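Heads up: the sequence lines are chains A and B, in that order.
Here our numbering is used: the first residue of the first sequence is 1, the next is one more, and so on.
Here our numbering is used: the first residue of the second sequence is 1, the next is one more, and so on.
Check each hint, because a few of them may be wrong.
Claimed, not checked - Straight-line alpha carbon distances no greater than 16 Å define the calculated EDC-like cross-link-like pairs of lysine to aspartate or glutamate that follow:
1) 55(A) x 186(B)
2) 8(A) x 60(A)
3) 13(A) x 54(A)
4) 182(B) x 54(A)
5) 197(B) x 95(A)
What the hints assert, rightly or not - So, partial list: chain A residues that the calculated Cβ filter (under 10 Å) puts toward chain B:
6) 25
7) 85
8) 94
9) 103
Derived by calculation from the structure, the hints in this document are not laboratory data.
The model shown is predicted, which means the values in this text are computed figures rather than measured ones.
All C-beta atoms in this analysis are idealised placements derived from N, C-alpha and C, irrespective of residue type, glycine included.
One-letter residues, chain by chain:
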Amino acid sequence: MMAKIELKNIGKKFKDEEVIKNLNLTIEDGSFTVLVGPSGCGKSTTLRMIAGLDKQTSGDILIGGRSVNHIAPGLRDVAMVFQNYALYPTMTVRENIEFGLKNRKVPKQERDTLIHDISEIVGLTSYLNKKPQMLSGGQRQRVALARAMVKQPKVFILDEPLSNLDAKLRNQMRTELIQLHRRLGTTFVYVTHDQVEAMSMGDVIVVMNQGVIQQAASPAKLYGDPENLFTAQFIGTPAMNILNFSEVQGLHIPAAERIGYLGFRPEHVLMKQDLHREGFTLDGEIVTRESLGAETIYQIKSKAGVFFVKTFLEPMEMNSQIKVTIPYEQLYYFAPDGQRIRGIEAREKSLSFVGGK
Amino acid sequence: MTLWEKLRPYGMVAPAILVFSVFFIYPIFYMIYLSMFDWNFISPTKNFVGLQNFVDLFKDPDFMQVLKNSLVYMLLTVSLTIGISLLFAVWLNRTGVFYGFVQGAIFSPHIISLVSISLLWSWLMDPEYGLLNWAIGLFGFEKLPWLSHPSTSLISLVIVAVWKGIGFNTLVFIAGLQSIPKDIYEAANLDQSRPWKTFARLTFPMLSPTVFFLVIINMISSFQVFETIAIMTQGGPVNSTNTLVYYIYDYGFRFFKIGYASAAGVVLLVIVGLLTLLYFKLLSNRIHYR
């Protein structure tokens, strides 16, 4: 049962507004793929087009090598978990789970076995005869999952399924979903606006903005090797610091005129002076300090702009004037249009002084 | 707690209680009181007759006919109005200039005065010169007597009531339909539910509070029917369109038998009260409230 999903040259317009522009994406069979991006970036629309709830304006969608352009949502062998669960309020939990099976004329005996097994897995056995409105948010979420699982689809589609849960339950369900994916081994396509959720769950993360895929890669690659300014700033908390390159002083770089922006991650900044590490140094003034327990986040104002620093398990820095170092290998360079420029090596500052003066 | 604190809440609700008592509670009890007297509205003396008015009422074959007419009128009007409105609502529940126009068009009778509507339909239903008979004549059917024969008079009045009522009912149904989240339909679609099944298992049960509300208000308003009867048929021919309120009006304000009319009023009160109770009992358990 192959369930590779291919989106080829997909375009989507609502009236005159183009929400998806020439999107190409292959979602591998059995992967946990997360579409992530700010609201209005087209991630939900992409998901709904895979499910067949919205029809693409142009392009082809293939599931398991078969074109589903003209196949009704119910016949695409996909199951969906909705943001607001979309449970049938008129039916009990059992009827909710059973509805799709009944419509597909699954025999009673088989239905009962399936419902029994699935409700064991998601822990709903004692709630089968209750109506959804009697259940808590987490339980409703489980019913929605059970309803999707019971159909044994090739593809699971999840549209921000955890956004209505409180933080603690969200973490718990996140873990459960990861385990569920391992257990079922089916393709999961998951939409979220929360980059932490995306990073923690996905094998492959597809970062989208304004209807265009910015980068599709593994979490580690997205973090360590972003393609562009958008991805760099979208992944990580706090986001990557971006300084306008024209305001940066003290970096000697070949072909500097191609560079628009300089980026570095808050957690790569060294607050302590360490003579053994060579790097780009910045003088600044600490504006705010936020202690999160193990981590401390500083907001620092420098001549080149405001940036954040994150330290881990270090005593809080109390001086207001500070000199920080960013190792050269942790610097990222971006062109004025936001594209990453790779293969640039910064030199020792002292050399640049020698060369400059 | 000071005296003022104890009395303040009563003081706050007093105006509402006063209005309610004077205009609703007092008339009901006064009607029940009057129903036990023989009085002609003018005479200074009222003769106490006990329950004689009720005995006379239930011995009167005309009154039995009136009860039957009211019931038939109510059942037909309510079921047809609700049924047709629901069909219209499901059809019109989408966006587009055409659907908006149809919605507006079927709503327009709701804002026209019943007197104008009665006159209009009297003319439409005229057996000789009416537009309706001309129209069915085009299809080769025989002319109908409409209001002028007992076999068709009551249903003719039902048609007028339904025509006036569907606009408002459709509007309320559309509001009910729009309160159902779209994603439930999408989930049903993914569950391969056929349109009829989706309607029967999801849409209709979720609309049941709306249906309940509309059935109640339609029942009450159909028992109150008066203007169309007064203008179009005056209860005739042969008592075939005489309903409770018109009967009460006839006896109270044309024959000035106030006691007798009050007795009929008590019967109306009991019937409406019982129907409401029955409805709450029957439907409250089976209604889906979100």
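Verification of the hints:
Annotation: proposed proximity of residue 55(A) to residue 186(B) holds, straight-line Cα distance about 13 Å (limit 16 Å). In summary, the hint linking residue 8(A) to residue 60(A) is supported, as the alpha carbons are separated by about 5 Å, within the 16 Å threshold. Taking the CA atoms of residue 13(A) and residue 54(A), the gap is about 11 Å. The hint holds against a cut of 16 Å. Proximity of residue 182(B) to residue 54(A) is assessed by CA-CA distance (about 13 Å); at most 16 Å being required, the pair is judged to hold.
Only pairs whose Cα atoms come within 16 Å are accepted, and residue 197(B) paired with residue 95(A) is accepted, the gap being roughly 14 Å. About 21 Å separates the beta-carbon of residue 25(A) from the nearest beta-carbon of chain B, more than 10 Å, and the hint is not met. Interface hint status for residue 85(A): upheld, as the beta-carbon distance to the closest one in chain B is roughly 8 Å, under 10 Å. For residue 94(A), the shortest C-beta to C-beta distance to chain B is roughly 14 Å, which exceeds 10 Å, and the interface hint is violated.
The restraint placing residue 103(A) at the interface with chain B holds, with a minimum CB-CB distance near 4 Å, inside the 10 Å limit.
In this structure, the hints that do not hold are numbers 6 and 8, in rising order.
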